[in-house]
Amino acid sequence: MASHSQVLVEEKSSVRILTLNRPKQLNALSFQMISRLLQLFLAYEEDPSVKLVILKGQGRAFCAGGDVSAVVRDIGQGNWRLGAKFFADEYMLNYVMATYTKPQVSILNGIVMGGGAGVSVHGPFRIATENTVFAMPETVLGLFPDVGASYFLSRLPGFFGNNTLSFFFFAFPLDPQAISLSHPSCSGEYVGLTGARLDGADMLACGLATHYLPSTRLTALEAELCRVDSSDPALVSTILDAYTQNPHLKQQSAYHRLDVIDRCFSGRTVEEIIAALEREATHGGDDWISSTIRALKKASPASLKISLRSIREGRLQGVGQCLSREYRMVCHVLKGDISKDFVEGCRAILIDKDKNPKWEPWRLEEMKDRMVEQYFKRVEEEEDLKFPARKNLPALAMAKL
Amino acid sequence: MSENRALQRAHILANHILRSPPLPSSLSLAREVCLQYSPPELNESYGFDVKEMRRLLDGHNTEDRDWLYGLMMQSNLFNRKERGGKIFVSPDYNQTMEQQREITMKRIWYLLEKGVYRGWLTDSGPEAELKKLALLEVCGIYDHSLSIKLGVHFFLWGNAVKFFGTKRHHEKWLKNTEDYVVKGCFAMTELGHGSNVRGIETVTTYDPRTGEFVINTPCESAQKYWIGGAAKHATHTIVFSQLNINGTNQGVHAFIAQIRDEDGNICPNIRVADCGHKIGLNGVDNGRIWFDNLRIPRENLLNSVADVSPDGEYVSAIKDPDQRFGAFMAPLTSGRVTIASSAIYSAKVGLAIALRYSLSRRAFSVKANGPEVLLLDYPSHQRRLLPLLAKTYAMSFAANDLKMIYVKRTPETNKAIHVVSSGLKAVLTWHNMHTLQECREAVGGQGVKTENLVGQLKGEFDVQTTFEGDNNVLMQQVSKALFAEYVSCKKRNKPFRGLGLEHMNSSRPVLPTQLSSSTLRCSQFQKNVFCLRERDLLERFTSEVAQLQGRGESRESSFLVNHELAEDLGKAFTEKAILQTILDAEAKLPAGSMKDVLGLVRSMYALISIEEDPSFLRYGYLSRDNVGDVRREVSKLCGELRPHALALVSSFGIPDAFLGPIAFNWVEANAWSSV
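In the order they appear, the protein sequences are chains R and W. For the first sequence, numbering that gives the first Met the number 0 begins at 0 and goes up steadily by one. For the second sequence, numbering that gives the first Met the number 0 begins at 0 and goes up steadily by one.
Source of the hints: derived by calculation from the structure; they are not laboratory data. The structure presented is a predicted model; accordingly, all values stated were derived computationally and were not measured. Glycine included, every Cβ here is placed at the ideal spot set by N, Cα and C. There may be inaccurate statements among the hints.
Pairs of lysine-lysine residues, derived as DSS-like cross-links and limited to a Cα-Cα distance of at most 27 Å, are as follows [unchecked claim]:
(1) W:LYS130 x R:LYS297
(2) R:LYS367 x W:LYS407
(3) R:LYS23 x R:LYS84
(4) W:LYS407 x W:LYS174
(5) W:LYS594 x R:LYS376
(6) W:LYS113 x R:LYS296
(7) W:LYS318 x W:LYS479
(8) W:LYS130 x R:LYS385
(9) R:LYS367 x W:LYS113
(10) W:LYS130 x R:LYS367
(11) R:LYS334 x R:LYS385
According to the in silico footprint, chain W covers these stretches of chain R (three or more CB under 8 Å from chain W) [to be verified]:
(12) 88–100
(13) 136–147
(14) 302–314
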């Protein structure tokens, strides 16, 4: 049962509280954790006595991502397909969450990165606090924002700094006003390409979180949620709304840069985006512009290009299509048939920690269109990821197909 | 008194209740299960790789297309709305004409700011042209007004400057056009002359004393009409006019004239009026223009073909006015190319909506108390929509092919481009109109709501059958060109080359008397039938015309008398050209599910074309039994294409947001909570 203790389960009347429990690894998702979560979520869906699922993390992280060190080890031993299995299960879990028939409340009281976003953002309720730190840092690892990020990042309506407005694809209830008022932007491209860090206030403002409260109020909120005894999202929403607060956006928040983000990150190619940022920099740039440019220059050129394309395609696709496209992409990444940047990135950032990856190709121009295209083709002798038919989908989940 | 009345009513009510029959004991109090939306994705499967098919259908620049779709979805200018949990973008057609014109212009500014038009006039080469065409197609999928307003500015005004003009015009105008420093329009059509450009009545003379041209509208029928952009926004126009030099008419020439200043005030010696509200395309400000002896500099003559010297002498390398006119018109084929492909994208929108709806909407039970039947499971519904789907596929390949020969054009291919683009423009735009009408009816009452698009698109796209050449006139031009080709080959005793007429060099194909299913689906048989029809009609047409000419009739009037044959021939030529393009596309595919499905689609295209054209019976290419077999095979193919319907429309690659709400969760979209 050792593996089960990586996910703690509490049963409180009709609510199940799942706690990711690998605090030393910042709750990075292991293969066992993913299997266990998938098993639990599927079981709860069938179990009429379960009405609501709460997901949180032990310690200072909610979840710092997928545990890729094992995957890198497998690749090193010439067994990339083992790694592919890890991602297949992870994406399956993301899909089940995105199309879940019961409300999932994720309490993001700490670090939320990569795979951590994948197990929370797809659900209808995401609670941020003053401890929340969010990022999709995949491009500096030689990977790309996966776990369905091409779906949710491409639908970020932008920062509008008003917590009564809800994130249109995820939050409940759907508020058409919110959509017409929201300021759409290319913040998805910004967050996905630069790996920029967002705090709880930023997350709420851009719709990645649906609610914000001080962490001291979490215990009370949890207790109240445990009494809800209903799967009606409107009821859950009422409870959460009563706790939520309007946080202050920091001076350096990307919220204040929305016009620049929109101007630059709407470019057609990564090269155009960087050129636009550099133009901004020459016309009175500041720290924010230069650190954004630096982040892009630090990232793997291959990763940047496939990430941009993935987000752009994702904007027009359903969540299942996004995840199965990402699966094709991740298989190519693991196989290393076009670029081996993933292994190199993990070496430089996670293993040797010299923070000096040798990307191949090294320059953006060397990452040709036809190489990018390769990532989106089916991998030989590898089946496309197929998702199970889901029953009794709520209207919100149907809209994501 | 009132108490008594109340008592009396209570008595009556009590009697009602007591005398009504007892409730059956078996009555269930449970609510009947309500109709629920079930997404077609849950019940249908994809038998082939939809993404690969989309790549094949779009043909080029899929990434650029997706970028632009994204830009439009992200902007508040594109009238984003939420229905049934999904986001949709489409114009608000309930806006007034003035509002639609203003918002269309604002959308153009937004896309300009995003760099969508970068290189549209200043870059050249096939790659740049294809990118431009792809982006324009995406604009047209959002709103026809948007693509037409862009088309007028870039493809009519811009291309006229580029192709009719010379260096001095290019330097002065092209970059400024690309950046919308000037807004161009294109004044060719007049009240009295449309397709017959040679007959226009606007007259331009030259004044050697001042070195200026003087443009004049001599009569009301010479007013410029339907000029897109003229009513509100355009600052400059191309003017088509007869050029009269020292009393000699040198034929139609093109000039540049400014019609508004930077502040939008109309220039002196110009009068402008509005064409008014239209049945569609109200986002385009069509206007009328009168020129009152407007003076423009000599340099404003677009002089690639002919020029006038400062002292007023007319010089042209091309002596024959007919040829000169032809040289002038050649670059304008781009209009027909873009119209043909945009018509197909419109048909795709209609079919994607109607077929998705038919995969989620049920009506009537076949068995008593049985479940209601999905619309697309009715053979009649399949017969209404699936042949149109197959035609749309075939024509999509034809449109792509046309784009390819257009962007790789050489002086030698100009004639072929002219003929093929004329035929395809006519056939594809007609097809779009038929398709939209069928789709409108197929989705029932929902089709009349503008937000569901299919009905509205009929009005928006109707004009395609008329502008850039009336469809009927274009089809006659196809027949005339084929006639000329035939006569010239026979006269010089040379084999046919080009226009797909090579099959005329070999012997007449023989069709089998009995048509089995496998024969009907055989590509060689299908080609033979189409070739036979084209060949026979061409021979009939030429011999009829020759006979009349032999009796002393002019060629023109001989054509007129034989208009029915001409029409049949034009259709036969164009349908064969379309069949060839889908055959080519299919042949390039490796064996596999995609090729198999495309084979079914191609057979459907071929057989439905045979089924719908009475020529095959009229001229005896097929027997009565044969056409009966064709009809049965069409019905069989409907059944075989049915399982692929969702995959085939998903392969159109049109993002959900650009379809109508009935294509998705129409129950939720209409729920009380959304009111």
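Outcome of the hint check:
Taking the CA atoms of W:LYS130 and R:LYS297, the gap is near 31 Å; set against the 27 Å cutoff, the hint is violated. Of the pairs offered as hints, the one joining R:LYS367 and W:LYS407 holds, with about 24 Å between alpha carbons and a cut-off of 27 Å not exceeded. Pair hint R:LYS23 plus R:LYS84 holds up; C-alpha atoms about 24 Å apart against a cutoff of 27 Å. Proximity of W:LYS407 to W:LYS174 is assessed by CA-CA distance (about 23 Å); at most 27 Å being required, the pair is judged to hold.
Restraint check for W:LYS594 and R:LYS376: the C-alpha separation of about 18 Å stays at or below 27 Å, so the hint holds. Annotation: proposed proximity of W:LYS113 to R:LYS296 holds, straight-line Cα distance about 23 Å (limit 27 Å). Taking the CA atoms of W:LYS318 and W:LYS479, the gap is near 24 Å; set against the 27 Å cutoff, the hint holds. Pair hint W:LYS130 plus R:LYS385 does not hold up; C-alpha atoms about 33 Å apart against a cutoff of 27 Å.
Proposed proximity of R:LYS367 and W:LYS113 is supported: the alpha carbons are some 23 Å apart, at most 27 Å. Taken as a hint, the W:LYS130 and R:LYS367 pair is honoured in the structure, with Cα atoms around 18 Å apart against an allowance of 27 Å. With a C-alpha separation of about 20 Å, the suggested pair R:LYS334 and R:LYS385 falls inside the 27 Å cut-off, and the hint holds. Beta-carbon proximity to chain W at under 8 Å applies to 0 residues in the region 88–100 of chain R; the threshold of 3 is not reached and the given coverage is violated.
A stretch counts as covered by a chain when three or more of its residues have a beta carbon under 8 Å from one of that chain; for the region 136–147 of chain R and chain W the count is 0, and the coverage is violated. With 4 residues carrying a beta carbon less than 8 Å from a beta carbon of chain W, the region 302–314 of chain R meets the three-residue requirement, and the given coverage holds.
This entry does not satisfy hints 1, 8, 12 and 13, going by the numbered hints stated previously.
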